[in-house]
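Enquirer: Residue strings, one per chain:
2 protein chains.
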Amino acid sequence: MALTPARTMPGVLELLPLDQIAFQRMLDTIRRNYERFGFLPVETPVMEFSEVLLTKTGGETERQVYFVQSTGSLEQGEKPELALRFDLTVPLARYVAEHEHDLSFPFRRYQMQRVYRGERAQRGRFREFYQCDIDVIGKDGLSVRYDAELPAVIYSVFRELNIGAFTIQLNNRKLMRGFFESLGVSDAEQQTLVLREVDKLDKRGADYVRETLTGASFGLAADVAEKILAFVQVRSSSVREAFEQLDALGAGPESMEQGRAELKEVLGLIRDFGVPESHFALNLSIARGLDYYTGTVYETTLNDYPQIGSICSGGRYENLAGQYTKSRLPGVGISIGLTRLYWQLREAGLVSTARSTVDVLVTQMDESRMADYLAVASELRGAGIATEVVLEGGKLARQFKYADRAGIRFVLVLGEDELAKGVVTVKDMRREDQFEVARAELIKTLRVELAQAEIAP
Amino acid sequence: MALTPARTMPGVLELLPLDQIAFQRMLDTIRRNYERFGFLPVETPVMEFSEVLLTKTGGETERQVYFVQSTGSLEQGEKPELALRFDLTVPLARYVAEHEHDLSFPFRRYQMQRVYRGERAQRGRFREFYQCDIDVIGKDGLSVRYDAELPAVIYSVFRELNIGAFTIQLNNRKLMRGFFESLGVSDAEQQTLVLREVDKLDKRGADYVRETLTGASFGLAADVAEKILAFVQVRSSSVREAFEQLDALGAGPESMEQGRAELKEVLGLIRDFGVPESHFALNLSIARGLDYYTGTVYETTLNDYPQIGSICSGGRYENLAGQYTKSRLPGVGISIGLTRLYWQLREAGLVSTARSTVDVLVTQMDESRMADYLAVASELRGAGIATEVVLEGGKLARQFKYADRAGIRFVLVLGEDELAKGVVTVKDMRREDQFEVARAELIKTLRVELAQAEIAP
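Chains as they are written, first to last, in the working numbering: chain D, 54 to 510; chain A, 54 to 510.
Extracted from the complex, chain D is given alone in its bound form:
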């Protein structure tokens, strides 16, 4: 029989076991923190009805959707009725609308699942990737205070992920819109175009942007262009400075005043949530999903790796599920794209292959003593120590080599000597050291060693 090449589709991140462990630890850390802040788990099916999934979208997103068909439907040449989710927000909207009467509001959910986009194949672009989302959904209304809670959660997540210094950056769409209005740029579409130009600031420089804005296509006055450039360059380094910067913008129309008040309340509360002022800041250049977000918007960057871009983004939206229900469901949400983040951290050398989840390997000296090996393993497992037993046998040197390659730190040897004396020889593969310990002390000893390894991995 001819062999079929064993290969995965392009644009997916399939990991070897020790990398999968590192990835899984990140997922666990995120989940633990989401739960610690009182968010509840939700999982939705990978497929939705196409009509449900594609009500709101258009353009780029729809072009990237993967459609799904059963064999029967395919044979009959039907149009695909199902499609894979491309984010977790549309499924959340459908979920909340479908189960509205069974949920308590404000509804606080976390969801950590894979999503699918038919992206052009490209390094660092994924067609399947994890999103780790939290959202708080209100019914009829939702206090702006929740806009301060999400950065507190995100701070807690990234601190524990231990990936270096980061800054959660905030802006407010109402403030932006009001500010543009005050400059006579009132049309939403024109605001969008201006923001798109302003986004090129880092790459093309201020002169280029200034020229474009005052050029033929935009035709803004020089002082207006200047004010826009100054606005988008506002960054704070403390809550107090943020307040001063916001005040310095001067009076503006209603929506600007509303946005300013919201930002101030949110920034003050983030501090009350216990987030150090070094870890969040005003950044008036952040726009994000212009047609979707209506108030607070967030981005998070690694201070030492700005080129990675935002590792966690989100914001406030007016109505989650208007396409499915007449109930008004305002919300605020934020999302970590973990697959991409993990990949970038690995590229930057900030995460490495994990230690194995297997703590101990029990070697096999003599197959007639198998029952003894199994009994030791059973004891260790009972104490919560992940233990593998060599069942196959073979030379001891080969068993050590296996442990080394598999990243297992502690290897136990129970030869005739040890069994007679009631002791175990423990070989520490990391320290390249070995010691003898009484059977009765084995669990206690290994627990101490493993706890120390946790602290200084």
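Heads up, none of these hints are tricks.
Capping the alpha-carbon separation at 30 Å, the derived lysine-lysine pairs in DSS-like fashion look like this:
(1) 379(A) to 192(A)
(2) 192(A) to 480(D)
(3) 132(D) to 132(A)
(4) 192(D) to 454(A)
(5) 448(A) to 317(D)
(6) 497(D) to 497(A)
(7) 480(D) to 497(D)
(8) 317(A) to 253(A)
(9) 192(A) to 448(D)
(10) 448(A) to 192(D)
(11) 379(D) to 454(A)
(12) 379(A) to 454(D)
(13) 317(D) to 192(D)
(14) 480(A) to 497(A)
(15) 448(D) to 379(A)
(16) 454(A) to 474(A)
(17) 480(A) to 192(D)
Interface residues of chain D toward chain A, partial, derived using beta-carbon atoms under 10 Å:
(18) 96
(19) 104
(20) 123
(21) 191
(22) 459
(23) 461
Please keep in mind that the hints were generated in silico from the structure rather than gathered at the bench. Beta carbons: idealized from backbone N, C-alpha and C, even for Gly.
We have chain D already, so just place chain A on it with the hints.
Expert: Showing chain A alone in chain D's frame:
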């Protein structure tokens, strides 16, 4: 705008948050036990190339496959290049063949992901469901001892899942084949047909099966039919009895002797692994995937709910990935179909809606004291206690009602009195009781209460 009905596709199990928590706890328990026995995590993409996925299959499975197409491919009328996995075994085969040189053998992996089958919509049949698999894959060979390890893992899982008495039942395909040969039923296809008839024993009774086997279509002699009926009714209640029953089958051809020796070794080792003899048994009626498994086969049933059928099945196979690689990769694996199991346990009243993952709700008496509430919450979270703060406000009675509905057990009240006295009022929603505790003692007190709740939930 007309509303789109918010609905999920049929054949999926979407859960409300407290049910999702119950489900998640089962997933966590399974994973913890898989890791405790030294299995390593693997995740594969939900999609595989169709040609990779469908090399080995045919008939029923292929008819149930979901094909996937991007918008572009759909518009061009192309044949779908991708399909959703229908189990975790084919992706494992592809994974091991693709990464063969980066893996250590015996390769011990666990994988807990959803799989997809275009089943006919029917109560209790799912089109999307979790499988939780473990497999040990050898290179060139794999000791039969591993066939004893998987039942030990499964015992550990189900004991901890705490879903009542269960029995892991074993048979061996070699023994079966050899036994049939010894009766002159040598043709593999005829063996399959006989086994299919014998499978009707429970439903149709021995007389019906006896008549069919001795009837025109099979034409077996009466004593042969009798021997087959006796064989498939063998059940052991201890290892010793199993050995006696196996010996009582009498001598047989080579493959029968091999199967008998394997079963004896496996049964003895399962006991050495520490599995009580009440929890595993010989059951010579178990056949399973006749063309796939070659040695040991497993099924697991709940003693008090036999109608649920096997909740965990698997077996030994000769060569995992022959369609992708020339390497010989024998293995042994077992799988828990968790979605179906969870659904059945819930139907039988054996699992209920979980307590919330949220341990504590901090109420809001006075919005001007928000910073105090946030500070308490922050302390609790720092101590690993999952805490939600009421940010919206509203009447205290409504906040209590929210906690009750959301299944949150402890509600904290910090009014002016409490803040002045440096205490907190803790309301225990379960016991309908409340007590005052000094701020400095709060974490310690809640930890004790929560630990007690863990023991007697």
